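Following the hints, position chain B against chain A.
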Amino acid sequence: QKEVEQNSGPLSVPEGAIASLNCTYSDRGSQSFFWYRQYSGKSPELIMSIYSNGDKEDGRFTAQLNKASQYVSLLIRDSQPSDSATYLCAVNWSGGGADGLTFGKGTHLIIQP
Amino acid sequence: ETGVTQSPTHLIKTRGQQVTLRCSSQSGHNTVSWYQQALGQGPQFIFQYYREEENGRGNFPPRFSGLQFPNYSSELNVNALELDDSALYLCASSEGLADSSYEQYFGPGTRLTVT
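Line by line, the protein sequences give chains A and B. If you're matching positions, the first sequence starts at -3 in our numbering and goes up one per residue. If you're matching positions, the second sequence starts at 17 in our numbering and goes up one per residue.
Please keep in mind that the hints were generated in silico from the structure rather than gathered at the bench. Everything numeric in this text was worked out from a predicted model, so none of it was measured. C-beta: ideal position from N, C-alpha, C; glycine also. One or more of the hints may lead you astray.
Claimed, not checked - In silico BS3-like cross-links for lysine-lysine, where the CA-CA straight-line distance does not exceed 30 angstroms: (1) A:K101 / A:K(-2); (2) A:K101 / A:K63; (3) B:K29 / A:K101; (4) A:K38 / A:K52; (5) B:K29 / A:K38.
As the list claims (entries may be wrong) - Using C-beta positions, here's what the derived DEER-type ranges look like: (6) A:Q108 / B:E68: 45 to 53 angstroms; (7) A:S78 / B:P77: 35 to 43 angstroms; (8) A:I14 / B:N75: 22 to 30 angstroms; (9) A:S8 / B:Q33: 41 to 49 angstroms; (10) A:G5 / B:N93: 44 to 52 angstroms.
This is chain A alone, in the form it adopts within the complex:
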């Protein structure tokens, strides 16, 4: 059974601080990794994608991938109250897409003003 694990939270972070969200996955052969943000009652919105080991930065967001440890994380710098949402980690196992994306249950992030 291929699984994606996330701490459900809630994770509470003061405004302006760094929020760190973590995700582990079970299949060492996984190809692609994604972070989605989902506001309550809305659909998931793609924030970051990462495919190779190391860091990838986009504005206030940094995704980190360590395939040896089967670990992917998302850092949010200078956290804002508008960042309060559920963050979903998703993994594409096959690279060709036939398995779809496998999602974790999400981490509920609260940014406290």
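Chain B only, in chain A's frame:
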């Protein structure tokens, strides 16, 4: 650029009925995937359509079926509705299987309630 659209927004059905949900993919995207998201859970992969053919399927029974049309829009059909089918149904489109980036973009979803 037009994003992914879905209809209807909300739907209430009775157990045993059948339902059809619709999705229009983002401009330039030829692959559509469907997901079911129960409350408090991450989305679960139902199936994917690429160039009008089902390309992959998750752990869902045959009463979940779909279609993709030549314009790459798609339908999800669910027969013999059960109470547990109550969920948010999400459609996601992507540029295609050959694209190594394989980024999927979600529509707003259809909230289905089965009573």
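| query | Against the structure shown, which of the earlier numbered hints fail to hold, in ascending order? | reply | Checked against the structure, the hints that fail are numbers 8 and 10, while the rest are satisfied.
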